[in-house]
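Colleague: Using the sequences provided together with the hints, build the complete structure.
So the protein lines, in turn, are chains X and F.
Residue numbering for the first sequence follows our numbering, beginning at 286 and increasing consecutively.
Residue numbering for the second sequence follows our numbering, beginning at 286 and increasing consecutively.
Below, a sample of chain X positions facing chain F; criterion: calculated Cβ distance under 10 Å:
| id | residue |
| --- | --- |
| 1 | Gly394 |
| 2 | Glu840 |
| 3 | Ser846 |
| 4 | Ala847 |
| 5 | Ser870 |
These stretches of chain X come out as covered by chain F in the derived footprint (C-beta under 8 Å, 3 or more residues):
| id | region |
| --- | --- |
| 6 | 381-392 |
| 7 | 498-508 |
| 8 | 530-537 |
Below, a list of computed lysine to any residue pairs in the SDA-like style, where the Cα atoms sit at most 25 Å apart:
| id | chain 1 | residue 1 | chain 2 | residue 2 |
| --- | --- | --- | --- | --- |
| 9 | X | Lys480 | F | Gly866 |
| 10 | X | Lys480 | F | Tyr499 |
| 11 | F | Lys480 | X | His873 |
| 12 | X | Lys480 | F | Ser442 |
| 13 | X | Lys480 | F | Asp439 |
| 14 | F | Lys480 | X | Ala539 |
| 15 | X | Lys480 | F | Tyr496 |
| 16 | X | Lys480 | F | Ala539 |
| 17 | F | Lys480 | X | Leu441 |
| 18 | F | Lys480 | X | Glu494 |
| 19 | F | Lys480 | X | Val445 |
| 20 | X | Lys480 | F | Gln448 |
| 21 | X | Lys480 | F | Glu874 |
| 22 | F | Lys338 | X | Phe597 |
| 23 | X | Lys751 | X | Val769 |
| 24 | X | Lys338 | F | Gly866 |
| 25 | X | Lys480 | F | Pro440 |
| 26 | F | Lys480 | X | Tyr499 |
| 27 | F | Lys480 | X | Thr392 |
| 28 | F | Lys338 | X | Gly866 |
| 29 | F | Lys480 | X | Pro443 |
| 30 | X | Lys480 | X | Leu441 |
| 31 | F | Lys480 | X | Gln400 |
| 32 | X | Lys480 | F | Leu441 |
| 33 | F | Lys480 | X | Asp439 |
| 34 | F | Lys778 | F | Gly827 |
| 35 | X | Lys480 | F | Val445 |
| 36 | F | Lys751 | F | Ile715 |
| 37 | X | Lys480 | F | Glu494 |
| 38 | F | Lys480 | X | Phe597 |
| 39 | F | Lys338 | X | Ser872 |
| 40 | X | Lys338 | F | Asp595 |
In short, the hints are calculated from the structure, not lab data.
Backbone N, C-alpha and C define an ideal beta-carbon position, used for all residues, glycine too.
Number of protein chains: 2
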Amino acid sequence: MDPSDSNSAAGGKTQNVSVPPVEGVAGGGTSYGWVDGGLRGTNLGAGVIDPTKVHSEDLLHVWSMPSTANVSQQEAPRPLEKVNLLAARNERESFQIALRPKVSWATSGIAGSVQIQCTDLCSSSGDRLVVGQSITLRRVVPILGVPDALVPIDPLSPQVNLQPGETAAVWVSLNVPCGQPPGLYEGEIFITAVKTELDSRTESLPKFEKYRLYRELRSCLDLIGPRDYSSPEEMVQRLTSASTALRRVLDNPALQDCQESNGFGDMMDEDVMNNVSVRLKLSLTVWDFTLPVTPSLPAVFGISETVIEDRFCLEHGTEGWYSALDHHFRWLLQYRISPFFCRWGDSMRILAYTCPWPADHPKANEYYSDPRLAAYAVPYAPILSCTDAAKNSLRREVEILKSKPHWSKAYFYLWDEPLNVEQYDMICNISNELRSYAPDVRILTTYYCGPSGSELAPSTFEAFVKVPNVLRPHTQIFCTSEWVLGTREDLVKDIVAELRPDLGEEWWTYVCMGPSDPQPNWHIGMRGTQHRAVMWRVWKEGGTGFLYWGTNCYEKAMIPSAEICFRRGLPPGDGVLFYPGEVFSSSHEPVASTRLERILSGMQDIEYLKLYSSRYGREEGLALMEKTGMYLGPDRYTLDHGPVDVMRAQVTPSKRKAHSIAFLP
Amino acid sequence: MDPSDSNSAAGGKTQNVSVPPVEGVAGGGTSYGWVDGGLRGTNLGAGVIDPTKVHSEDLLHVWSMPSTANVSQQEAPRPLEKVNLLAARNERESFQIALRPKVSWATSGIAGSVQIQCTDLCSSSGDRLVVGQSITLRRVVPILGVPDALVPIDPLSPQVNLQPGETAAVWVSLNVPCGQPPGLYEGEIFITAVKTELDSRTESLPKFEKYRLYRELRSCLDLIGPRDYSSPEEMVQRLTSASTALRRVLDNPALQDCQESNGFGDMMDEDVMNNVSVRLKLSLTVWDFTLPVTPSLPAVFGISETVIEDRFCLEHGTEGWYSALDHHFRWLLQYRISPFFCRWGDSMRILAYTCPWPADHPKANEYYSDPRLAAYAVPYAPILSCTDAAKNSLRREVEILKSKPHWSKAYFYLWDEPLNVEQYDMICNISNELRSYAPDVRILTTYYCGPSGSELAPSTFEAFVKVPNVLRPHTQIFCTSEWVLGTREDLVKDIVAELRPDLGEEWWTYVCMGPSDPQPNWHIGMRGTQHRAVMWRVWKEGGTGFLYWGTNCYEKAMIPSAEICFRRGLPPGDGVLFYPGEVFSSSHEPVASTRLERILSGMQDIEYLKLYSSRYGREEGLALMEKTGMYLGPDRYTLDHGPVDVMRAQVTPSKRKAHSIAFLP
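Modeller: Below is the structure:
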């Protein structure tokens with residue numbers, strides 16, 4: 286509801302068309318009883334609700350939402366329907382479960398706790414997708430009020446707290462392994478209202494009772510402890526006193542429930558779930574094709590080493606530092622992303638490198654050969670301190686790497702958005718040096734305008750589009766901001782026309798602060814399809830790679846669990862695609878954003894589109910995007926999820942239609 | 286931060302004027318390290334934080350906010366300053382404490398828990414305002430994302446949970462009793478980061494350990510329990526076995542902390558608070574004047590009996606029903622409000638009554654004589670069912686009441702916003718009946734337009750302003766919607782000119798759906814001063830009473846803890862000034878909204894303005910509102926709190942200036 290909805294022209298009262306059921310037609314009585322909560326539960330009575338004795342359907346709304354939905358705290362309930370998903374092998378497909386309390390059953394300030402238990406997904410031939418491995422649950426946590434952080438739910442205690450009047454969301458991901466047999470997999474998710482930890486606290490022994498018990502048992506032990514007993518009488522007396530003391534201990538009211546129960550009341554057995562849980566049916570069709578392990582489109586994403594050093598209090602080059610970088614590298618690889626670490630110098634000089642170890646270290650080969658890595662940055666060490674040692678080490682690096690099969694994935698990223706002729710000259714000098722070591726070296730340069738100080742005005746499109754003339758042969762990967770294009774997709778041909786593919790020149794793109802709404806980008810507060818559409822745009826425009834400047838570029842902090850602040854001057858979420866796990870729990874695992882998951886989905890969509898195009902040609906691939914309504918241009922793409930699944934369902938090797946399609950509108 | 290702030294005209298990058306301390310001047314490095322979190326705590330290290338060993342200042346931001354601030358979850362921290370408040374006797378003055386985590390110290394999904402402990406406020410002459418009685422703490426809980434519900438904090442466990450990246454607020458109210466000696470009262474609030482219940486769960490004995498312990502102790506008892514011991518050898522053996530068993534029990538790791546501690550770790554002693562707590566200094570100047578117990582301006586507010594019956598599953602007329610109504614009546618009285626219960630019939634007929642008991646019941650006299658009650662509604666029972674019994678009972682009621690001293694507070698409220706001549710005729714007929722029982726009866730009629738079916742077009746201002754001509758002598762309290770005035774304060778004189786004070790006619794006003802923003806009203810999402818300004822407006826316009834249609838008019842529900850839904854077609858919060866306590870905890874006490882507290886503040890402001898005017902004249906009172914910038918008109922009033930305190934500080938009988946004024950801008 287919005288205050289601006291109020292129809293004050295009607296004299297401060299709206300007149301409903303039909304007569305509400307209970308009170309008067311307007312004013313004080315306006316539409317009382319109009320929205321029937323649909324609660325079964327007049328049988329819930331007026332007292333405190335015991336969730337174990339009531340069907341959870343009476344206590345909360347449960348419904349599913351697609352992964353592109355931003356499920357806000359004010360999201361209104363929808364009917365609960367079966368979730369049908371489609372996925373290839375080596376693909377992750379996600380959806381969300383939205384939960385909203387109908388009543389409060391906790392007594393400790395929240396509306397109530399909910400337990401979420403998922404069965405394995407099984408096919409009729411007995412194959413499985415196993416919970417915890419292939420199926421994960423994460424809580425969607427708001428950042429700046431927008432659902433964004435995906436905090437893992439402990440599989441041993443899969444509980445979520447619901448607040449009164451707020452919708453919560455759980456992000457369910459299905460990860461289909463490469464070797465998974467195709468077929469229809471089915472399972473269920475049980476959502477059960479439970480007593481909160483605090484409400485069931487009476488069942489554990491409170492601290493002060495524990496201390497009292499301990500003291501009583503100690504004195505009991507003093508009574509009977511091994512010693513010289515002077516006489517049988519003394520022994521009888523000691524035995525009697527000890528047994529009286531023990532009996533008193535056992536009579537403690539805090540222990541009374543031990544007599545009545547078997548002690549396994551915590552386990553929720555199948556009967557309970559069958560009787561009181563809300564059941565969400567889930568089916569996943571695994572197609573008979575596998576997404577390539579190596580992403581078809583290299584997407585290189587920066588990780589700030591400065592931020593890691595500061596936040597985790599790590600000194601450069603220490604064991605902990607290497608371990609933290611390694612952890613981040615491997616964690617990001619799962620998102621079909623090729624990470625590079627980076628540190629900025631003056632005037633947008635940048636030291637970018639994918640592997641923190643030198644080329645002759647065994648780890649280097651492990652990194653660079655990883656088939657999931659589509660491209661890697663080789664450090665140009667002299668960029669920050671131009672010593673002889675740095676120069677020599679660089680030459681050694683290139684000597685080693687250029688002989689390896691993975692050398693075709695290598696690139697140098699030297700300067701972020703050079704702006705003037707001096708900066709262009711620097712790039713050319715470095716290029717000359719690098720090409721003397723390896724003539725086939727690839728240099729990536731990002732830019733959004735031409736250089737100032739040349740004959741063309743730098744802010745003109747002409748100056749921008751002629752940059753390859755200035756940087757040839759000192760740049761092979763011309764990486765331009767999508768912001769320059771705006772909604773003018775037709776300008777792509779002008780950019781591409783200037784390139785010389787025969788010389789190995791490529792066109793890549795990037796987004797950062799711009800473009801802004803309504804164009805695709807990854808700012809917090811944009812729509813989910815807008816996040817996913819960044820990669821649709823890349824594929825439609827035909828770039829052969831993508832760069833993103835930062836994944837962990839929050840404001841400086843010196844404590845792992847310090848509040849995440851976004852940097853001044855950047856739109857919220859820009860440069861931040863995951864969060865330190867320590868902010869949300871004791872886990873050291875990074876916490877993905879919904880935006881990072883949508884980037885993965887977009888990368889996967891590219892594989893679908895590429896597969897389709899390899900079969901029917903690129904024109905048909907583009908036509909598929911258009912006719913499904915998924916993506917027509919930077920300001921014309923679907924706002925709803927439906928067309929995404931329609932597109933994906935079309936791309937099946939068997940040409941068999943999806944047996945049912947999830948989230949059709 | 287707002288995505289629209291992004292300066293894409295600068296090529297997707299903003300250039301900062303001065304050079305940020307660590308990384309490059311733009312792009313990826315934009316302003317890294319620019320906002321120094323001000324954390325002392327490099328000494329916090331990289332591990333899990335133990336809040337008992339760290340100063341809470343390193344863990345969270347604490348700052349105060351005035352009661353008119355809507356402290357959102359995104360509220361940015363401010364410096365912590367001493368809070369200085371002014372209050373009369375018999376006044377409630379409130380402020381808020383905002384809390385925002387700098388780091389996370391809990392490991393269970395929240396950022397951390399905070400304990401809030403307040404000292405008594407003491408004067409130099411030894412007088413006190415006692416915590417729990419005169420000082421209360423409530424948690425500010427968002428409703429539709431806006432801070433609104435004030436949920437009491439358990440004084441025995443005054444803890445608040447903080448979420449990562451979110452600002453929480455605690456509402457502190459100081460209630461100055463009528464007999465409180467004037468003077469300066471000082472105290473402190475200690476805000477201390479603590480371990481969460483779940484994190485300190487390890488300190489209690491988990492359920493399964495408790496069961497194991499119980500079984501072990503039982504078998505130990507079986508060993509030594511009183512019985513015939515066959516021989517001293519057997520006794521020695523039993524004693525030895527039992528002591529071995531007991532020793533094993535005591536060696537259980539779950540009991541190890543009992544050896545090390547005295548068991549009083551839960552209590553936070555003064556030393557701890559002095560060492561690690563954030564201390565908020567608080568002073569309250571109690572003036573040497575007392576707000577009148579009976580509000581100078583009667584403000585009559587509706588309570589829907591239908592809603593109470595439905596939500597609390599109470600049958601009309603049962604003991605529980607009377608008790609629930611009584612509870613609501615007494616609870617609302619503390620807000621300087623004169624409640625009436627109500628039930629709507631067809632065509633906006635309304636049954637309104639202040640006391641659910643008949644006039645000859647002892648409770649009736651208790652209700653009507655209560656000095657805090659400024660006006661009461663007498664039920665016109667025949668409005669819903671016009672039986673002889675109803676008519677007779679009405680006549681009896683009036684006969685009894687008209688002889689009482691409190692009869693001058695009585696009014697009949699028969700119809701909500703009559704719209705046509707037929708409805709006007711009904712009111713006239715009832716009036717004729719009532720005046721035959723008591724010639725000095727007062728009838729209140731609400732309206733926002735003239736009647737349709739008369740010679741004047743009903744929607745014209747002329748038809749509206751002439752309503753007294755049509756309803757005389759059948760209405761004495763002409764209660765008009767502020768919506769009609771809009772921002773045209775000058776129209777007030779036209780309304781008043783039509784009234785006959787010599788016949789006892791009065792002008793009252795009301796707000797409901799309208800007026801809407803930016804005029805004062807009580808919708809959720811409006812500013813705090815906008816809520817408080819409803820009463821400023823009443824005082825400036827010179828009405829002698831005020832009506833509000835509903836305080837508990839949420840959507841129908843049949844369970845006390847059911848989610849609060851607002852009614853369709855009403856702006857959010859309209860007709861809802863408090864919530865059922867059961868939604869937020871096991872308490873049955875209603876939960877006030879911030880809006881209800883601001884209504885009370887506005888009612889108190891009226892007493893200040895009236896006091897000032899009684900001394901210097903009404904013109905000076907109006908000038909005071911204007912020159913402080915507090916209220917100049919329905920679209921010109923202060924958005925900040927400062928002028929409110931400036932106004933209040935001027936109204937001191939001693940003419941002594943406030944020794945310091947809270948929340949000056």
